[in-house]
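These protein sequences, in sequence, are chains V and C. Take our numbering: the final residue in the first sequence is number 261, and no numbers are missing along the way. Take our numbering: the final residue in the second sequence is number 261, and no numbers are missing along the way.
In case anyone wonders, no lab produced these hints; they're calculated from the structure. On a predicted model such as this, the values are computed, not experimentally measured, just so you know. Wrong hints could be hidden among the right ones.
Because identical chains share one entry, a pair is satisfied inside a single copy or across any pair of copies.
Unchecked claim - Here are the simulated BS3-like cross-link-like pairs (lysine-lysine), alpha carbons at most 27 Å apart as the crow flies: (1) Lys3 to Lys226; (2) Lys124 to Lys114; (3) Lys132 to Lys114; (4) Lys181 to Lys124; (5) Lys124 to Lys158; (6) Lys181 to Lys132; (7) Lys134 to Lys50; (8) Lys227 to Lys124.
Listed here are the chains, written in short residue letters.
There are 2 protein chains.
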Amino acid sequence: MFKNTEITFLGTATSIGVPVIGCHCAVCSSDDPKNKRLRSSIYVESEETKLLVDTGPDFRQQCLREGIDHLDAVVFTHEHTDHIMGFDDLRRFTVYEEEALQIHATESCLGRLKAAFSYVFDGKNGYRGYLKVKPEVIDGPFRVGDLELTPLPVTHGKVETVGFLFSREGERLFAYIPDAKVLSAEAEALIEGIDLLILDGLQPLPHNTHLSIPESVELVERLAVKKTWLTHFSCRVDYRELEPGLPENVHLAWDGLKLEV
Amino acid sequence: MFKNTEITFLGTATSIGVPVIGCHCAVCSSDDPKNKRLRSSIYVESEETKLLVDTGPDFRQQCLREGIDHLDAVVFTHEHTDHIMGFDDLRRFTVYEEEALQIHATESCLGRLKAAFSYVFDGKNGYRGYLKVKPEVIDGPFRVGDLELTPLPVTHGKVETVGFLFSREGERLFAYIPDAKVLSAEAEALIEGIDLLILDGLQPLPHNTHLSIPESVELVERLAVKKTWLTHFSCRVDYRELEPGLPENVHLAWDGLKLEV
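So here's chain V without its partners, still in its complex pose (with noise of 0.2 Å):
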């Protein structure tokens, strides 16, 4: 028998996070703990594997606050700032392990890491406490340990984005979707019926790059998907407001929930 695998949100916020920096709207003045929000992130660990999805300017926090000292791989959705500029505070999981951290990215988003931290690709890095990396392009499914991985591509914008589903011994266990507006027939395919999805919902309101509240929950219902948590908000989402209101197997995720599968 598998131990389950645990699903901990390191950040459930868009953009700068909430607070928001000198906003005083009601939810980034609010004193409910799911009302603040770090930047975008999960952490997974199963019976064999430690894995994290993006790695945001949060990272550092996020990982002091859940104690996170191991990493098997980073894999990203892509490239905004929101979602990579920790990077480099990956550098204490190569201090003392014999290896290079293994990251997953597409192409493009590849391509932005290596621009904004080239000091950790271009081979010239000599320290011992740099960030040390085996970088690999997303292009198809993969394997880390015990989980295999299925890119989901969705539209978000004008940046190539994935999502993920997670899998074990060819079994669906949950798929993470934190920034699209639509998802690809395939993408689609693939999380149909799924019995639990984290999904974007930004806010109540319609945006141009993001699916609001709303669209998820028509399009969770529409996928017959079992059980759904949106994340990566705006300050437009006051917890204690919003998810009465939402339909039983749909809620709002927080910072720092953990989620057995």
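Fit chain C to the known structure of chain V by using the hints.
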């Protein structure tokens, strides 16, 4: 009579901060708030001017902690990751302001910012929420409001690095040099006998690219600096252990410390 100028230490750490991810040393495990350090940065507020030095990855946290909601300019000491990767979070300072935010950096540092945050500089930046900047290359003294800044060239590994001398009406207020192994003769001449210096003091032991605490103490004694606050610490610096052994006019800074000049 001018209002005094206030300096706030937004962060006093090197590298990835203290506690260090995955480190279980006495300082990283310490409860002492003076041993908890975000990446080095200061905020300077004078009669007329609000100015930030460096935007490390903790910049959002630092803004929220100190309630910073307006900036007249941002100046950069150098291009290392721990001093620039929070750059995009400056976007909140140009959402409601008509003008682009003035930033000052050496040519090398500006090049690194352009590589990492190309969308801020490429002129295709159409979204209202995106950061808009007016970059200026540091090639000599410059002015921001009522503050005069003189770059202080220093040696810090292979990367072009400066500190800054802050003056008002031709009178020296203080100097800030968070990263340095050796000060240039020019920098030494500019800060000799100064009332207040904030200086790199990485750790008790020598380091290739940073002044150690004993080296910094020797330096400020030689330059007859009246009062020195050390900053940019690793987790080898235990506040309670090391502060008592310092000369009377040399102190260890901490996150949140405010000084008036």
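Hints, verified against the model:
1. Lys3 to Lys226: within (22 Å within a copy, 62 Å between copies)
2. Lys124 to Lys114: So Lys124 and Lys114 pass the 27 Å test inside a copy (13 Å) and across (21 Å) alike.
3. Lys132 to Lys114: both (13 Å within a copy, 23 Å between copies)
4. Lys181 to Lys124: Cα proximity of Lys181 and Lys124: across copies only (21 Å, versus 39 Å in one copy).
5. Lys124 to Lys158: For Lys124 and Lys158, the Cα distance is within 27 Å only across copies (13 Å; inside one copy 33 Å).
6. Lys181 to Lys132: This pair counts as between: shortest inter-copy Cα distance 25 Å, intra-copy 34 Å.
7. Lys134 to Lys50: within (16 Å within a copy, 42 Å between copies)
8. Lys227 to Lys124: neither (47 Å within a copy, 40 Å between copies)
Checked against the numbered hints given earlier, this structure breaks only hint 8.
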